[in-house]
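Note that the protein sequences, when read in sequence, are chains A and B. Residues are numbered in the numbering used here as their position in the first sequence, beginning at 1, plus a constant of 6. Residues are numbered in the numbering used here as their position in the second sequence, beginning at 1, plus a constant of 6.
To be clear, the hints were calculated from the coordinates, so they are not data collected in a lab. A couple of the hints might just be wrong.
Here are the simulated DSSO-like pairs of lysine-lysine, each with C-alpha atoms no more than 30 Å apart in a straight line [to be verified]:
{"no.": "1", "chain 1": "A", "residue 1": "Lys127", "chain 2": "B", "residue 2": "Lys30"}
{"no.": "2", "chain 1": "B", "residue 1": "Lys115", "chain 2": "A", "residue 2": "Lys30"}
{"no.": "3", "chain 1": "A", "residue 1": "Lys363", "chain 2": "A", "residue 2": "Lys82"}
{"no.": "4", "chain 1": "A", "residue 1": "Lys132", "chain 2": "B", "residue 2": "Lys115"}
One side only, chain A facing chain B, incomplete, derived with CB under 8 Å [stated by the list, open to error]:
{"no.": "5", "residue": "Phe10"}
{"no.": "6", "residue": "Phe12"}
{"no.": "7", "residue": "Thr16"}
{"no.": "8", "residue": "Gln17"}
{"no.": "9", "residue": "Ile18"}
{"no.": "10", "residue": "Gln24"}
{"no.": "11", "residue": "Tyr208"}
{"no.": "12", "residue": "Asn211"}
{"no.": "13", "residue": "Gly221"}
{"no.": "14", "residue": "Asp237"}
{"no.": "15", "residue": "Thr239"}
{"no.": "16", "residue": "Val350"}
To be clear about the criterion: a stretch of chain A counts as covered by chain B if any three or more of its residues have a C-beta under 8 Å from a C-beta of chain B, and this derived list gives those stretches [as the list claims (entries may be wrong)]:
{"no.": "17", "stretch": "37-50"}
{"no.": "18", "stretch": "108-120"}
Source: prediction; values computed, not measured. The C-beta atom is built at its ideal place from N, Cα and C for all residues, glycine as well.
2 protein chains.
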Amino acid sequence: MLNFSFQNTTQIHFGEDQIKTIRKAIPKTAKVLVTYGGGSIKNNGVYDQVAQALSEHTWFEFSGIEPNPSYDTLMKSQAIIREHDIDFLLAVGGGSVVDGTKFIAAAAKFEGDDPWDFVAKGQPIKQALPIGCVLTLPATGSETNAGAVVTRDGNKLPFFSPLVRPLFAVLDPAVTLSLSDRQISNGVVDAFVHTMEQYLTYSVNGKVQDRFAEGLLLTLIEEGPKALAADSTDDLEVRGNIMWAATMALNGLIGAGVPQDWATHMIGHELTGAHGIDHARTLSIVLPAVMKVCTDAKREKLLQYAERIWNLTEGDDDTRINRAIELTEQFFETMQVPTRLSQVDLGEGDIDALIAKLTQHGMVKLGEHGVITPEVSREILVKAL
Amino acid sequence: MLNFSFQNTTQIHFGEDQIKTIRKAIPKTAKVLVTYGGGSIKNNGVYDQVAQALSEHTWFEFSGIEPNPSYDTLMKSQAIIREHDIDFLLAVGGGSVVDGTKFIAAAAKFEGDDPWDFVAKGQPIKQALPIGCVLTLPATGSETNAGAVVTRDGNKLPFFSPLVRPLFAVLDPAVTLSLSDRQISNGVVDAFVHTMEQYLTYSVNGKVQDRFAEGLLLTLIEEGPKALAADSTDDLEVRGNIMWAATMALNGLIGAGVPQDWATHMIGHELTGAHGIDHARTLSIVLPAVMKVCTDAKREKLLQYAERIWNLTEGDDDTRINRAIELTEQFFETMQVPTRLSQVDLGEGDIDALIAKLTQHGMVKLGEHGVITPEVSREILVKAL
Numbered sequence: 007m008l009n010f011s012f013q014n015t016t017q018i019h020f021g022e023d024q025i026k027t028i029r030k031a032i033p034k035t036a037k038v039l040v041t042y043g044g045g046s047i048k049n050n051g052v053y054d055q056v057a058q059a060l061s062e063h064t065w066f067e068f069s070g071i072e073p074n075p076s077y078d079t080l081m082k083s084q085a086i087i088r089e090h091d092i093d094f095l096l097a098v099g100g101g102s103v104v105d106g107t108k109f110i111a112a113a114a115k116f117e118g119d120d121p122w123d124f125v126a127k128g129q130p131i132k133q134a135l136p137i138g139c140v141l142t143l144p145a146t147g148s149e150t151n152a153g154a155v156v157t158r159d160g161n162k163l164p165f166f167s168p169l170v171r172p173l174f175a176v177l178d179p180a181v182t183l184s185l186s187d188r189q190i191s192n193g194v195v196d197a198f199v200h201t202m203e204q205y206l207t208y209s210v211n212g213k214v215q216d217r218f219a220e221g222l223l224l225t226l227i228e229e230g231p232k233a234l235a236a237d238s239t240d241d242l243e244v245r246g247n248i249m250w251a252a253t254m255a256l257n258g259l260i261g262a263g264v265p266q267d268w269a270t271h272m273i274g275h276e277l278t279g280a281h282g283i284d285h286a287r288t289l290s291i292v293l294p295a296v297m298k299v300c301t302d303a304k305r306e307k308l309l310q311y312a313e314r315i316w317n318l319t320e321g322d323d324d325t326r327i328n329r330a331i332e333l334t335e336q337f338f339e340t341m342q343v344p345t346r347l348s349q350v351d352l353g354e355g356d357i358d359a360l361i362a363k364l365t366q367h368g369m370v371k372l373g374e375h376g377v378i379t380p381e382v383s384r385e386i387l388v389k390a391l
Numbered sequence: 007m008l009n010f011s012f013q014n015t016t017q018i019h020f021g022e023d024q025i026k027t028i029r030k031a032i033p034k035t036a037k038v039l040v041t042y043g044g045g046s047i048k049n050n051g052v053y054d055q056v057a058q059a060l061s062e063h064t065w066f067e068f069s070g071i072e073p074n075p076s077y078d079t080l081m082k083s084q085a086i087i088r089e090h091d092i093d094f095l096l097a098v099g100g101g102s103v104v105d106g107t108k109f110i111a112a113a114a115k116f117e118g119d120d121p122w123d124f125v126a127k128g129q130p131i132k133q134a135l136p137i138g139c140v141l142t143l144p145a146t147g148s149e150t151n152a153g154a155v156v157t158r159d160g161n162k163l164p165f166f167s168p169l170v171r172p173l174f175a176v177l178d179p180a181v182t183l184s185l186s187d188r189q190i191s192n193g194v195v196d197a198f199v200h201t202m203e204q205y206l207t208y209s210v211n212g213k214v215q216d217r218f219a220e221g222l223l224l225t226l227i228e229e230g231p232k233a234l235a236a237d238s239t240d241d242l243e244v245r246g247n248i249m250w251a252a253t254m255a256l257n258g259l260i261g262a263g264v265p266q267d268w269a270t271h272m273i274g275h276e277l278t279g280a281h282g283i284d285h286a287r288t289l290s291i292v293l294p295a296v297m298k299v300c301t302d303a304k305r306e307k308l309l310q311y312a313e314r315i316w317n318l319t320e321g322d323d324d325t326r327i328n329r330a331i332e333l334t335e336q337f338f339e340t341m342q343v344p345t346r347l348s349q350v351d352l353g354e355g356d357i358d359a360l361i362a363k364l365t366q367h368g369m370v371k372l373g374e375h376g377v378i379t380p381e382v383s384r385e386i387l388v389k390a391l
């Protein structure tokens with residue numbers, strides 16, 4: 007196991023009817039800005055529950071945070087924050103709303119010229135408004151972690167600061183019952199690939215981390231398809247297991263003390279940035295190709311994955327590895343997401359531009375060994391055609 | 007899954023040579039009281055590492071905290087705290103030192119007549135001195151949780167407060183290399199039973215919690231015996247896995263959203279209180295008997311445990327359950343701890359007094375269903391003869 011520091015301070019309130027806990031979780035004297043997306047929370051009752059819980063608070067709202075939240079949209083919040091002297095943000099939505107709210111929180115307190123500089127130029131985040139969140143779509147893990155991804159002019163980039171970690175997160179699986187199949191699929195696949203990025207590297211004999219990661223993968227494989235099946239789309243237990251697995255997949259725990267990859271995500275971000283493909287659907291396309299191109303570097307963990315996740319114990323090493331990759335692709339297909347670039351209408355002719363963007367964004371030494379150069383990324387994209 | 011709230015704020019610094027992090031983790035202006043046990047930290051170099059890390063701090067020390075720390079010992083710290091105006095406690099030791107330091111922290115700020123009242127009479131803990139810790143014996147999980155157990159006049163009782171949760175915990179597996187076989191055995195068994203208390207109840211379909219608990223059990227079964235084997239007693243990876251598993255076994259995570267038992271612990275506490283038996287050795291005696299007496303209530307989880315931990319898939323339900331209990335006992339024997347009262351020289355004649363103590367301590371409705379009355383506890387102790 008590698009040395010590590012780990013802390014996750016977010017207070018989690020999990021379960022049905024927990025939105026009411028925000029009444030006590032946010033200081034009574036706070037001036038709250040409720041941030042949300044396109045308004046689905048007004049149709050599924052979540053907005054009303056939040057309004058009810060905040061009935062004794064002074065609050066305002068900022069809506070319209072889109073998937074892959076953009077700098078331009080998010081910056082519009084700053085005038086409202088100044089005007090009303092906002093000192094607490096409550097994000098109500100999925101990972102994009104939470105990520106966008108993290109940007110808003112840091113931007114509101116940023117002392118430099120342009121808040122984009124703490125994203126693109128690594129300027130330090132010294133202060134941020136406190137954040138709470140009500141999660142409506144289990145997927146990104148953003149509800150308890152310190153990272154966020156925002157987009158400007160087709161550049162989709164991450165930033166990190168413990169100051170933007172939510173103070174609390176309400177996880178009520180009941181609010182996910184109104185999600186579309188596509189949203190559920192994307193969430194399950196996102197959480198699955200988050201786990202793989204921290205698991206499928208090289209072994210450092212981190213037995214707890216490996217077992218925990220495997221536990222999340224098995225849970226997502228078992229519960230994901232049920233959430234799409236006609237006879238159990240209203241199953242709260244299934245939704246609860248998916249929600250808790252997605253939070254655990256990216257709260258820092260399974261990645262503490264082990265190497266991490268993230269090449270799939272970095273390559274995937276370019277597909278979203280350039281072509282607007284749903285984040286999870288970029289991951290389901292890129293991950294199988296990464297597994298194929300990086301088989302040698304990941305051999306030991308691929309064999310462990312084959313055995314512990316897919317019960318593959320027969321045949322030689324390569325047979326088991328190939329079968330495990332095949333079964334991963336089949337799982338993605340069951341979850342109704344693409345596994346090839348051709349399925350999202352991209353071809354060989356699109357690869358040059360993607361590689362140029364990766365290079366421009368400094369993503370030239372990706373993966374757990376830092377050896378995925380733009381040339382290897384090209385090989386991965388070709389494999390994904 | 008049941009509704010739950012979960013938060014664990016402790017900052018963990020894990021790995022070799024991490025003791026030095028306390029230099030920055032404790033405010034420079036703090037007046038620190040370093041608390042420890044019988045002095046083994048002076049022989050294994052830990053005391054020197056701590057002294058080195060605190061070279062720029064003002065610090066004092068309080069030693070002599072014994073296993074199953076006693077009220078009388080712990081209260082001696084209060085004069086030192088008042089005399090030197092101590093405002094930070096650094097516990098350096100195993101679970102007993104950390105537990106004892108939690109009591110010291112709350113006692114120093116207690117405004118009632120007698121600090122024992124927040125243990126025995128449920129008086130509220132409104133303030134506590136901040137605590138950091140350097141763990142030297144992986145076992146109890148106390149390093150990141152909010153609970154502690156202290157003993158007065160043979161009464162061993164728990165208390166809880168988020169105010170006594172350590173701010174940080176240094177987990178350096180290298181410091182555990184000097185532990186005796188008995189200490190290692192006790193630690194592994196303690197962590198194993200902590201996991202079982204939160205796992206072996208009835209199913210609420212908490213898939214992540216179950217998989218995580220199983221991951222800890224498998225890790226302890228794999229690594230525990232290695233830590234005792236002559237050819238790998240210096241294996242840092244083994245020690246690291248045991249240390250991380252023990253922390254995870256009782257940091258609140260695997261128990262969030264699932265029923266919990268704790269009958270084994272409560273009955274075990276009476277064995278320690280009355281007869282001074284090592285805590286873990288009371289657990290290894292009581293747990294198998296609880297599994298036998300409560301088979302029906304725990305049937306579904308026993309079958310899951312049999313399959314996922316011991317790979318038992320052949321034979322009828324009762325055969326698999328009995329074999330799983332047998333294998334649990336064999337694991338304890340491999341870890342060199344007793345599984346019967348007779349092995350610690352106790353017999354049927356001792357049971358009445360134990361049951362009287364349990365009753366006196368209000369432990370009359372134990373277990374995940376609250377149906378383990380003193381009569382059932384008696385049955386359990388008879389089964390453990």
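Going down the list of hints, with the structure as the test:
1. At roughly 28 Å between alpha-carbon atoms, Lys127/A and Lys30/B fall within 30 Å of each other, so this suggested pair holds.
2. Distance hint between Lys115/B and Lys30/A is fulfilled; the C-alpha atoms sit about 26 Å from each other, no more than 30 Å.
3. Restraint check: the Cα-Cα separation between Lys363/A and Lys82/A comes to about 27 Å, which is no more than 30 Å; the hinted pair holds.
4. Proximity of Lys132/A to Lys115/B is assessed by CA-CA distance (about 33 Å); at most 30 Å being required, the pair is judged violated.
5. Interface restraint check for Phe10/A: the shortest CB-CB distance to chain B comes to about 5 Å, inside 8 Å, so the restraint holds.
6. Hint on Phe12/A holds. Least Cβ distance to chain B is approximately 5 Å, under the 8 Å limit.
7. Checking Thr16/A against chain B by beta carbon gives a least distance of about 7 Å; that is within 8 Å, so the hint holds.
8. About 4 Å separates the beta-carbon of Gln17/A from the nearest beta-carbon of chain B, less than 8 Å, and the hint is met.
9. Below 8 Å, beta-carbon pairs count as interface contacts, and Ile18/A has one with chain B at about 5 Å; its hint therefore holds.
10. At its closest, the beta carbon of Gln24/A sits 7 Å from a beta carbon of chain B; the interface hint therefore holds under the 8 Å criterion.
11. A cut of 8 Å between beta carbons decides the hint on Tyr208/A: the least distance to chain B is about 14 Å, and the hint is violated.
12. Taking 8 Å as the C-beta contact cut-off toward chain B, the hint placing Asn211/A at the interface holds, the least distance being around 5 Å.
13. A distance limit of 8 Å between C-beta atoms decides the matter here; for Gly221/A the minimum to chain B is near 3 Å, and the interface restraint holds.
14. For Asp237/A, the suggested interface contact is broken, since its CB lies about 16 Å from the closest CB of chain B, more than 8 Å.
15. A least Cβ separation of about 17 Å between Thr239/A and chain B goes past the 8 Å threshold, and the interface hint is therefore violated.
16. Here the hint on Val350/A is broken, as its CB sits about 31 Å from the closest CB of chain B, past 8 Å.
17. Only residues whose beta carbon comes within less than 8 Å of a beta carbon in chain B count, and the stretch 37-50 of chain A has 0; fewer than three means the coverage is violated.
18. Residues of the stretch 108-120 of chain A lying with their CB closer than 8 Å to a CB of chain B number 0, which falls below the three-residue condition for coverage.
In this structure, the hints that do not hold are numbers 4, 11, 14, 15, 16, 17, 18, in rising order.
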